[in-house]
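Model the placement of chain B with the ligands on the given structure of chain A, informed by the hints.
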Amino acid sequence: MMRSKLFSYILRKVFRAVFTLLLLSTLVFFALRLSGNPARILLSPDAPPEMVAAYAERYGLNAPLAEQYVLYLRNLLSADFGSSYINSKPVAAIIIDRLPATLELGLSGIVLAIFIGIPLGLMAALDRSGPIDKYAMTLATLVYSVPSFFFGVLLMLLFSVALRWLPSSGSDTWRNLILPAMTLGIGNAALLARFTRSAVAEIMQQPYILAARARGTPRSRIIVHYLLPNAGIALLTVIGLMIGTTIVGAIVTETVFAWPGLGSLFVSSVSSRDIPVVQAIVILSAATMVTTNLTVDFLYRVADPRIRTAQR
Amino acid sequence: MSASTGICESGVKLDSTESQSSKDSPAHCAQKAVTAGSLSVRNLTVLLGKNGRSVPIVQSLSFDIKRAEMVALVGESGSGKSVTCRAIMGLLPGYMQRTGELFLGGAEIPQGRVSAQTAMVFQDPVGTLNPVRTIGFHLKEVLSLRRSIRGALAYARAVELLRQVGLREPERAMTLYPHQLSGGMNQRVGIALALAGNPSLLLADEPTSSLDTTTQAQIMDLLAKVREEAGLAILFVTHDLGLVSQRADRVIVMYGGQMVESGTPRDLFENPRHPYTAALIASLPRVGGEHGQLRSIPGKVPPPGEGPAFCRFADRCSRADETCHAIAPPWITIDPNHLARCHHAAR
Ligand SMILES: Nc1ncnc2c1ncn2[C@@H]1O[C@H](COP(=O)(O)OP(=O)(O)OP(=O)(O)O)[C@@H](O)[C@H]1O
Ligand code: SF4
Ligand SMILES: [Mg+2]
Numbered sequence: 016m017m018r019s020k021l022f023s024y025i026l027r028k029v030f031r032a033v034f035t036l037l038l039l040s041t042l043v044f045f046a047l048r049l050s051g052n053p054a055r056i057l058l059s060p061d062a063p064p065e066m067v068a069a070y071a072e073r074y075g076l077n078a079p080l081a082e083q084y085v086l087y088l089r090n091l092l093s094a095d096f097g098s099s100y101i102n103s104k105p106v107a108a109i110i111i112d113r114l115p116a117t118l119e120l121g122l123s124g125i126v127l128a129i130f131i132g133i134p135l136g137l138m139a140a141l142d143r144s145g146p147i148d149k150y151a152m153t154l155a156t157l158v159y160s161v162p163s164f165f166f167g168v169l170l171m172l173l174f175s176v177a178l179r180w181l182p183s184s185g186s187d188t189w190r191n192l193i194l195p196a197m198t199l200g201i202g203n204a205a206l207l208a209r210f211t212r213s214a215v216a217e218i219m220q221q222p223y224i225l226a227a228r229a230r231g232t233p234r235s236r237i238i239v240h241y242l243l244p245n246a247g248i249a250l251l252t253v254i255g256l257m258i259g260t261t262i263v264g265a266i267v268t269e270t271v272f273a274w275p276g277l278g279s280l281f282v283s284s285v286s287s288r289d290i291p292v293v294q295a296i297v298i299l300s301a302a303t304m305v306t307t308n309l310t311v312d313f314l315y316r317v318a319d320p321r322i323r324t325a326q327r
Numbered sequence: 017m018s019a020s021t022g023i024c025e026s027g028v029k030l031d032s033t034e035s036q037s038s039k040d041s042p043a044h045c046a047q048k049a050v051t052a053g054s055l056s057v058r059n060l061t062v063l064l065g066k067n068g069r070s071v072p073i074v075q076s077l078s079f080d081i082k083r084a085e086m087v088a089l090v091g092e093s094g095s096g097k098s099v100t101c102r103a104i105m106g107l108l109p110g111y112m113q114r115t116g117e118l119f120l121g122g123a124e125i126p127q128g129r130v131s132a133q134t135a136m137v138f139q140d141p142v143g144t145l146n147p148v149r150t151i152g153f154h155l156k157e158v159l160s161l162r163r164s165i166r167g168a169l170a171y172a173r174a175v176e177l178l179r180q181v182g183l184r185e186p187e188r189a190m191t192l193y194p195h196q197l198s199g200g201m202n203q204r205v206g207i208a209l210a211l212a213g214n215p216s217l218l219l220a221d222e223p224t225s226s227l228d229t230t231t232q233a234q235i236m237d238l239l240a241k242v243r244e245e246a247g248l249a250i251l252f253v254t255h256d257l258g259l260v261s262q263r264a265d266r267v268i269v270m271y272g273g274q275m276v277e278s279g280t281p282r283d284l285f286e287n288p289r290h291p292y293t294a295a296l297i298a299s300l301p302r303v304g305g306e307h308g309q310l311r312s313i314p315g316k317v318p319p320p321g322e323g324p325a326f327c328r329f330a331d332r333c334s335r336a337d338e339t340c341h342a343i344a345p346p347w348i349t350i351d352p353n354h355l356a357r358c359h360h361a362a363r
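Note that the protein sequences, when read in sequence, are chains A and B.
In terms of our numbering, the first sequence opens at residue 16 and continues consecutively.
In terms of our numbering, the second sequence opens at residue 17 and continues consecutively.
The following block holds chain A by itself, in its conformation from the complex:
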């Protein structure tokens, strides 16, 4: 009985996730084709009509849109993203080639954000209107309101151009990772710091904190057993959101630092109208978001006894 209820819950969630993805894929398909015959846009305006026709033939662009759509969906289901309009390589291979670089960058950014943002927010909240709260939080607000490419350029000017400490582009050594990871991570660090601060401040106002203090619970224990687990539950959503939007966030950063990942691939594919690649990247980042959402949802049930036991 208990088990079947949980099972149907999971099924419902997964079904909703799949439906979201399907809806998104459909939107992507039609949106990308609204701008006209890709063959015509792809080739230069003065390309001979035979060439356009041959192109359209080769990529199945002559079939009615509905037929193309059905084919597209069927291919998607078998994880076939088609092949690039530009170099005819399978899209899946192109993406797999670029994925590790983005994962490396994205993970570094997230780790950076977590290790800077959470402690900062925590310290600010535990020492309200202390120096960290005053200066670091003002800085975080400032950082958060500045677009990340601005940071990227700023960091590059400082560390690459002026100080010549770190390379400004490429991905040959670990030193190449530092600036783009900072660019990607710093906005999220600021976001996390602010969120952590308000979550912690709110928890410290809760009656169970006062009650614990009345029972003589030392501050360190209050932080470890009362504050952190409760704050962690509140932070789960934000961290999930951060991970979910990593690919989108990487687009700007990778372009600024010529980092050879999915982000820069996306930008170049858009400008060359390589629709299969563009649509694959959009679907992939949507899938990342949907998957992290789903994961966060399940983690909640593990972490929060109020939800975990309510299911019974």
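Hint data in this document are derived by calculation from the structure and do not stem from the laboratory.
A quick note: this is a predicted structure, and the numbers were derived from the prediction, not measured.
Hints may be right or wrong, so weigh each one.
To be verified - Where chain B lies over chain A, by a calculated footprint (3+ residues, C-beta under 8 Å):
| hint | region |
| --- | --- |
| 1 | 218-227 |
| 2 | 240-246 |
| 3 | 311-324 |
To be verified - To give a feel for the contact side, a few chain A residues facing chain B, derived at Cβ under 10 Å:
| hint | residue |
| --- | --- |
| 4 | R230 |
| 5 | G231 |
| 6 | T232 |
| 7 | P233 |
| 8 | R236 |
Claimed, not checked - What the simulated footprint calls covered on chain B by chain A, stretch by stretch (three residues with Cβ under 8 Å from a Cβ of chain A suffice, anywhere in the stretch; the number is not a length):
| hint | region |
| --- | --- |
| 9 | 152-166 |
| 10 | 186-199 |
We treat Cβ as the ideally placed atom computed from N, Cα and C, and that holds for glycine.
Frame of chain A; chain B with the ligands shown alone:
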């Protein structure tokens, strides 16, 4: 139950305009009654705001609570009951400061330290427990912190405590989270947690306000039981004069941060001498009365630092005259246990 004394063992001098402290509370108590009761509060004042302007939230409270005595602290919202509890507990926020002395079993409770002899029960039973930890965690934690009991012994003691406060399946309750128990059951857990540290004083800040009437009565019974068994001194905070009329040994009425009247429930109900106490009693819903209509007192308790400075009640009092707006009212002794602080208390 032993007959309780009033604010002070030997009553109050009536010539109480001689100095600031005697005006606010009987000063000679401070020397005398230190060992008499389990808790002695002398001139307890809580100031809000540390530097620059500071306003009193609680002003010159003096009272005693003996072993196994339950004293009720009543007053409308904002009269300073919770702040009084937090001050006694040693848990005032950083921007509040207490002055005056607190003695527990004869020993002074130092400033700003949580007293290990004191335990507190709160208004929101579920909210005062950590939502992501089990009942067992809470009990074992306090047993370890306050009594140095750990391991299997702590488990056994925790189960015993839960049984003592009336949980039917204590072993099962140990594994449950707060939200899995009802408000009343959580409040029993709250009381078990308070008892776990073997306190001599229990501060109960509206422990039944969020519970239905039946549960309320059960919790009151439980408090009465533990008071007998453990010889606890209990300070019981409530809005509800009706609730304390049968339960408390003595009642302290607070208004605007000050004590205004103190006596047995019988004194207060049959012979209220402070117009505020009289108004509180008049506002009680009467059994069989006009449909239990609650007549509230017009106006509100003035916030700290605002409102009349002499008699805090002067702007709402029907008997106020020029004296009330110009001179702080003295403590009037009606009988040794019954005191009121009003110019017209003597009638
Ligand atoms: N943390 C605080 N900061 C500033 N003022 C406070 C704080 N806590 C209480 N006060 C003020 O002190 C006064 C007394 O508050 P307190 O909470 O002690 O009242 P109370 O008698 O417990 O009321 P209630 O019946 O509503 O619980 C109120 O005017 C309140 O606004
Ligand atoms: S002192 Fe005056 S204003 Fe205050 S309660 Fe008594 S009669 Fe009313
Ligand atoms: Mg209160």
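Going down the list of hints, with the structure as the test:
With a threshold of 8 Å between beta carbons, the proposed coverage of the region 218-227 of chain A by chain B holds, since 6 of its residues qualify and at least three are required. Counting residues of the region 240-246 of chain A whose beta carbon lies closer than 8 Å to any beta carbon of chain B gives 4, which reaches the threshold of three, so the coverage claim holds. For the region 311-324 of chain A, the assignment as covered by chain B holds, since 5 residues bring a beta-carbon within under 8 Å of that chain's beta-carbons and 3 suffice. Interface restraint check: R230(A) against chain B, minimum CB-CB distance 5 Å, threshold 10 Å, status holds.
Hint status for G231(A): holds, given a least beta-carbon distance of 5 Å to chain B, under 10 Å. About 6 Å separates the beta-carbon of T232(A) from the nearest beta-carbon of chain B, less than 10 Å, and the hint is met. Look at P233(A): its Cβ gets to within about 8 Å of chain B, closer than 10 Å, so that hint holds up. Annotation: interface hint on R236(A) holds; nearest CB of chain B at approximately 8 Å, less than 10 Å.
Taking a C-beta to C-beta cut-off of 8 Å, the region 152-166 of chain B contributes 5 residues in contact with chain A, enough for the three needed, and the coverage statement holds. For the region 186-199 of chain B, the proposed coverage by chain A is satisfied: 3 residues have a C-beta within less than 8 Å of a C-beta in that chain, meeting the threshold of three.
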